[in-house]
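There are 2 protein chains.
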Amino acid sequence: MKKYSELYSYYKELIKSGQLRSGEKLPSVRKAADIHSVSKTTVQNAYFDLQADGYIISSPKSGYYVSEININNAAQIKSSESKRAAVYNFKSGEADEEAFDLQLWQRYVKSAFRQHERLLSYGEVQGERDLREALSEYIREKRNVIASPERIVIGAGVQPLLAILCSIIKERNTVSFPDKSFVQGAALFNDYNYKVNYRNKDADIIYVCPSHMTSYGDVMPIKRRLELIKHSKKRDSLIIEDDFDSDFLYNKKPTPSLFALSGGDNVIYMGSFSNVLIPGIRVSFMVLTEKLIKAFRNNIEKYAQTASKTEQIALCGYIRDGHIMAQTRRIRRHYTAKTRILLNEIKKQLPEAKAEISENGIQVKLEASFTGSTDTFSKNSVDVYIESCENGTIKLALSPSSIKSESIGEAVSALKMCLVS
Amino acid sequence: MKKYSELYSYYKELIKSGQLRSGEKLPSVRKAADIHSVSKTTVQNAYFDLQADGYIISSPKSGYYVSEININNAAQIKSSESKRAAVYNFKSGEADEEAFDLQLWQRYVKSAFRQHERLLSYGEVQGERDLREALSEYIREKRNVIASPERIVIGAGVQPLLAILCSIIKERNTVSFPDKSFVQGAALFNDYNYKVNYRNKDADIIYVCPSHMTSYGDVMPIKRRLELIKHSKKRDSLIIEDDFDSDFLYNKKPTPSLFALSGGDNVIYMGSFSNVLIPGIRVSFMVLTEKLIKAFRNNIEKYAQTASKTEQIALCGYIRDGHIMAQTRRIRRHYTAKTRILLNEIKKQLPEAKAEISENGIQVKLEASFTGSTDTFSKNSVDVYIESCENGTIKLALSPSSIKSESIGEAVSALKMCLVS
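Same order as they appear, the protein sequences are chains A and B.
Remember, our numbering sits 3 above the position in the first sequence when you count from 1.
Remember, our numbering sits 3 above the position in the second sequence when you count from 1.
Hint data in this document are derived by calculation from the structure and do not stem from the laboratory.
Please note that the accuracy of each hint is not assured.
Note: identical chains are not told apart, hence a pair may lie in one copy or across any two.
Lysine-lysine pairs mimicking DSS-like chemistry, simulated, CA-CA at most 27 Å apart [claimed, not checked]: (1) Lys19 / Lys173; (2) Lys64 / Lys43; (3) Lys183 / Lys297; (4) Lys236 / Lys94.
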């Protein structure tokens, strides 16, 4: 036994298996070093990590003890695991472990810590300069969105970015969303006293998700994109293009962005990383128009940066080294494969139902006869997005992203139970 | 040479010193393993970190090269260092390296990554449950603020938390701030259509910083706290207590919080960690009243969590293990010592000026005769908060927090130049 990580695992297992119980004392650092023939530093490091993870606590001068928190933690982990097993979540959003190389990401976080000088200050309100440079290059290559780093604003999610936007476009009065699914966006505009409409092309601000137009994952065709741009230019309205899910178009080349098609005059381009990376990383960005970025910069003292500085620095390196492109390919392959497994399972288990893969390639559209109550799903721990349910027919949009590949069969069985009951 | 970190440092130095120039090829992994008598994995790890830090790039199939970015980076680091050296920043906010054990914090971030399952989901909108539990205990012990985890809301800074608050207290119309220094707060309330007043005790919402009442760092005396509570109860107004800087009261015990004094009925308690830890860590929290937390929870789908999940998990362990208390003692000792050094330097170099330490113990109040223009400071790269400048007298509030101990003398010389010119 040489490394501290082995020592860590050794004691962790003793504790988890109950061989060391809460309140029991661990060997002193000196004694453990003797027992395991390692240095005291190695023991100290292992004990420290056990403490950081809540398995043991240190009592000044008297040594290390198995914590009580450990039992709670273990209980918590167990209950959340069993909860997770019981719920079949067909709503998109969460990620599965296979889709992301967390270790690679961790290396970039570690690298961020090596730039410790930078972590001592609040950093730029607009977002770290080097990340904005990396983003500028990334969106140019990927989506033909040509914008200098000066026009990019970073934030911890789309909502904080929309809040900044709302505060600098006060002269506009109405906003239109494609449907009611983006509650956080509509609520925010409502708070800022905008009149919120749905599918109103004459609104002052038009929020669109061209790669995820509906909950079914329909993609906005290029003809409609051009019409929208023309109409908005005529009316001098502002388009907010949330490029969510554009990475997942597996059956065709991604359609050009509205920003690229319009020349960026009246389009605000927004992007996120929670779906390509993991939801735990909360960095989003927007590209403002020349006019709006001026308004933002002239009032910069009104704003504070919300995204974690460590994550900004890490993401910068991750993008700069090309990992984001590789990760996009990986996740696209992974999720589209899972979507096909889901489609096949549905065809096998629910042969009567109509099922097809959505345009964006990561959801299955399902239409089945259904006379029950829509409560059935939640009662049977099946979490699902119901598009409509009328005249004995139910339409569902099913995403397999948070279900592990090997559990898809089981999840479809649970879904079947709801549909036939 | 055994460890990959030594290998990393070895090549880093070669690159930084120009012995390996941009575009030059590094030895192959196999060859480097031979040269340094280490395993190929060790070389791979070292190369990987060099890549993550921007020193080298990998070219598929052909190997590793010293990056061009490296030169830019080095240039950037140099220019930001020289910039930093040229500016004497007497405005509080940033931290200095000596005040925070970044390595300890890193261990908790590492521990968060070991809970990788948790990073795959968006997490709780209100903030991670275990962090709220740790915070609940922490504020009870530290400030006698008794509130269950259910009443705590977490966010990436005070501004996103105020945005949530604004959206759930729409029936109120006026807000009062102690002075004009908190631009971000006033701007936000203004965006939400509140009428912003200053020092108006009859406003519907009263925002106070009892431990940092003025830019001079005056502390609100207990008598005034009780009066404010009584008055606000009579008028049914809401107090927002931002407990910023309460950790730094060195010459007395901290005054009880308004929340504790009032019983928490009409007080919202807010706290941050950017000053006790480092500004790079962006986690704040607020304790809502029973009524407001209900309103928040009933509309939870309107909100998104802004704080980094990794940082939330890390902070939870850090608090649970008692490090936050130790860090508070450490930073208090450190900053109060620096403040005394600053005072002594001022007395030595500017014997004519009136100078004393502020009530909260981490600033120096300076009053000097001054007939010049206030542009002088920025022209001489001295960043300073000017309280007032009239009738030949200038009043300054000086914080040494971002100036290194050994540079305080130099900084005061620069300040003297401005005052006598």
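message = As a check of your reading, is Lys236 near Lys94 (CA-CA no more than 27 Å) within one copy, between copies, both or neither?
response = Neither way: Lys236 and Lys94 sit 36 Å apart in one copy and 46 Å across, limit 27 Å.
query = Quick one: Lys64 to Lys43, C-alpha cut-off 27 Å, is that within a copy, between copies, both, or neither?
reply = within (16 Å within a copy, 42 Å between copies)
message = Reference check for the pair Lys183 and Lys297, CA-CA at most 27 Å: within, between, both, or neither?
response = between (32 Å within a copy, 23 Å between copies)
inquiry  = Within, between, both or neither: how does the pair Lys19, Lys173 come out at a Cα-Cα threshold of 27 Å?
reply    = neither (57 Å within a copy, 49 Å between copies)
The structure is inconsistent with the numbered hints 1, 4, although it conforms to all the rest.
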